[in-house]
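One line per chain: the protein sequences are A and B, in this order. Just so you know, this note's numbering puts 258 at position 233 of the first sequence, and the rest follows in order with no gaps. Just so you know, this note's numbering puts 304 at position 279 of the second sequence, and the rest follows in order with no gaps.
Among the hints, erroneous ones may be present.
Intra- or inter-copy, both count: the list cannot distinguish identical chains.
[As the list claims (entries may be wrong)] Taking lysine to any residue pairs in the SDA-like style, the calculated list, with each CA pair at most 25 angstroms apart, reads:
1. Lys37 <-> Ala245
2. Lys37 <-> Val76
3. Lys37 <-> Val194
4. Lys37 <-> Gly171
5. Lys197 <-> Asp255
6. Lys197 <-> Gly117
7. Lys197 <-> Gly317
These are calculated hints, taken from the structure and not from any lab test.
2 protein chains.
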Amino acid sequence: MAEFALIDLIRKRCAILRADVALGIGDDAALLAVPSGQLLAVSTDTLVAGVHFLHGADARDVGWKSLAVNLSDMAATGAEPAWATLALTLPGADARWVEPFADGFADLARLHRVALVGGDTTQGPLSITVTIHGFVAEGAALTRSGARAGDGVYVTGTLGDAAAGLRMVLSKQAGNAHLLERLHRPTPRVAQGLVLRGRATACIDVSDGLVADLGHICTASRVGAAIDADALPASPALLAAFDIPDRRELQLAGGDDYELCFTAPDEVAPGLLRELHDSGCAATRIGRVVAGSGVRVRDASGNPVAIAHRGWEHFA
Amino acid sequence: MAEFALIDLIRKRCAILRADVALGIGDDAALLAVPSGQLLAVSTDTLVAGVHFLHGADARDVGWKSLAVNLSDMAATGAEPAWATLALTLPGADARWVEPFADGFADLARLHRVALVGGDTTQGPLSITVTIHGFVAEGAALTRSGARAGDGVYVTGTLGDAAAGLRMVLSKQAGNAHLLERLHRPTPRVAQGLVLRGRATACIDVSDGLVADLGHICTASRVGAAIDADALPASPALLAAFDIPDRRELQLAGGDDYELCFTAPDEVAPGLLRELHDSGCAATRIGRVVAGSGVRVRDASGNPVAIAHRGWEHFA
């Protein structure tokens with residue numbers, strides 16, 4: 026398959042009509058209309074074979090996940106996603122890989138009405154860079170820097186599932202279907218981000234691990250956080266498969282959950298929690314924002330919880 | 026160097042203040058204000074080590090070129106560049122490579138007042154994906170699809186220099202400084218794109234080779250083009266280093282020139298050519314748009330000119 030056949034294949038499978046796309050794939054640049062009064066939110070994430078997914082991973086899952094990790098950044102910003110570009114570097118133009126990849130990307134794009142508006146295909150070691158674009162009203166965007174001492178700390182969904190799934194894959198254990206699904210097809214919490222915008226004081230998506238990502242909120246907000254390890258929401262599958270020490274490690278330091286961790290003052294919390302529940306993904310209070318710096322973790326009895334590592338970092 | 030030190034290094038070296046950046050590097054998404062009445066122009070290009078530049082290439086040149094190829098897409102659209110994201114995949118976090126890379130990127134970013142607003146750093150085989158954003162008034166954007174039979178075909182600057190430089194590098198000849206500069210530090214014709222907007226009928230940047238790229242205009246516009254090989258503008262360095270057959274091959278099929286190829290009706294041409302000259306980069310008429318399809322090349326005597334290949338294509 027030649028380069029232009031490849032682009033055509035991807036374009037056809039990812040075709041989503043949006044009135045705000047004045048010019049889509051196929052020219053030197055896409056031309057797009059941002060609604061007046063809205064800021065443009067932009068984020069970029071790369072997945073590299075052998076680093077972010079295993080060589081030989083299911084192409085459809087890779088397509089899904091390459092968009093999911095980017096949509097998760099829109100969620101964490103409280104932005105409404107609209108457009109994506111796709112830079113795809115492939116060892117060869119193999120339709121048996123590209124077709125399911127494009128289908129997986131399109132599966133998720135359709136759910137969120139994200140139009141693929143451009144990109145680049147190049148030959149080289151397999152990697153995927155998506156740049157996602159969305160809108161958010163000025164003043165309503167969620168950032169990492171607004172947490173205040175006294176706010177509650179919350180997380181959507183459950184933590185640790187993806188890291189548990191990865192551990193199963195790497196140790197070649199028979200994988201639990203729920204945990205593997207959470208690893209390979211994460212659900213970006215876009216609807217929940219929209220509920221939180223203008224109301225949560227800070228927000229981040231949990232991609233590197235709870236302690237690491239909440240640590241980014243603490244640094245940006247110049248506060249600390251106190252977390253109750255026994256309050257961390259866990260899926261039945263995680264509870265069944267791992268004992269407390271392993272589970273805590275997975276929940277506190279495991280990456281790839283793509284849940285939202287946010288802070289909110291107590292007076293807005295009940296309404297927020299009700300609306301999040303109604304949006305299809307409940308949130309759980311896991312601690313509070315305190316004066317100082319850094320993330321401290323204790324169990325329900327108040328004993329410090331040690332974790333072996335604090336989260337994923339490249340080049341560490 | 027750890028990932029966050031790396032990001033900090035890049036951020037510091039590429040700091041450019043723009044009032045339309047509400048939130049830059051360091052959160053889950055950048056927040057940006059597109060001027061009202063303007064469309065957002067977006068384009069993405071990837072450079073892969075060993076494909077788009079040689080392993081061991083000067084890092085400062087790679088930084089420059091990774092932005093230049095993207096700015097060239099803004100030029101071809103007639104858009105005013107504003108913001109970029111940078112997805113950088115590196116085998117290791119080596120400051121001796123990243124510092125000059127960031128400096129090369131910043132050298133060109135400063136010339137065009139492009140703010141680096143976000144990105145991603147990951148570990149893996151060396152590659153760089155930049156997504157560039159700019160503005161263009163609705164209706165004024167240059168596309169590939171407006172060429173009409175009878176229009177003249179024009180190109181800015183000179184053709185073939187970059188391909189000549191690459192040939193020298195690959196054959197380990199002593200390189201001519203001008204030709205190597207054109208290969209390693211291409212000049213995106215942003216100012217010329219702004220002159221052309223709303224006036225040229227079609228435009229593309231010459232990245233894959235003149236015949237291939239003009240062919241894209243022909244396909245999108247449903248026209249053909251007749252080119253005079255003897256009219257192609259050549260630099261003194263190219264004229265001195267290559268005889269006619271080689272020179273024609275380099276000028277017709279060589280990529281990486283990043284000149285603009287555009288079409289315009291005769292009545293607007295004199296004014297356009299004068300303004301392009303005044304902008305610092307003159308354009309040359311190289312042929313005309315004809316009914317039909319495809320790009321035909323003849324010499325000044327009317328004899329057909331054969332070329333061995335038609336331009337760069339991945340996976341070909």
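Comparing the hints with the structure gives:
Proximity of Lys37 to Ala245 under the C-alpha cut-off of 25 angstroms is restricted to the inter-copy arrangement: shortest distance 17 angstroms between copies versus 42 angstroms within a copy. Taking the shortest alpha-carbon separations for Lys37 and Val76, neither the intra-copy value of 29 angstroms nor the inter-copy value of 27 angstroms comes in at or below 25 angstroms. Proximity of Lys37 to Val194 under the C-alpha cut-off of 25 angstroms is found in neither arrangement, the shortest distances being 33 angstroms within a copy and 39 angstroms between copies. Within a single copy, Lys37 and Gly171 get their C-alpha atoms only as close as 42 angstroms, which misses the 25 angstroms cut-off; across copies the closest is 23 angstroms, which meets it.
With identical chains, the CA atoms of Lys197 and Asp255 are never at most 25 angstroms apart, being 29 angstroms at best within one copy and 65 angstroms at best between copies. Proximity of Lys197 to Gly117 under the C-alpha cut-off of 25 angstroms is found in neither arrangement, the shortest distances being 28 angstroms within a copy and 28 angstroms between copies. Neither within a single protomer nor between protomers do Lys197 and Gly317 lie at most 25 angstroms apart by alpha-carbon distance, with minima of 42 angstroms and 60 angstroms respectively.
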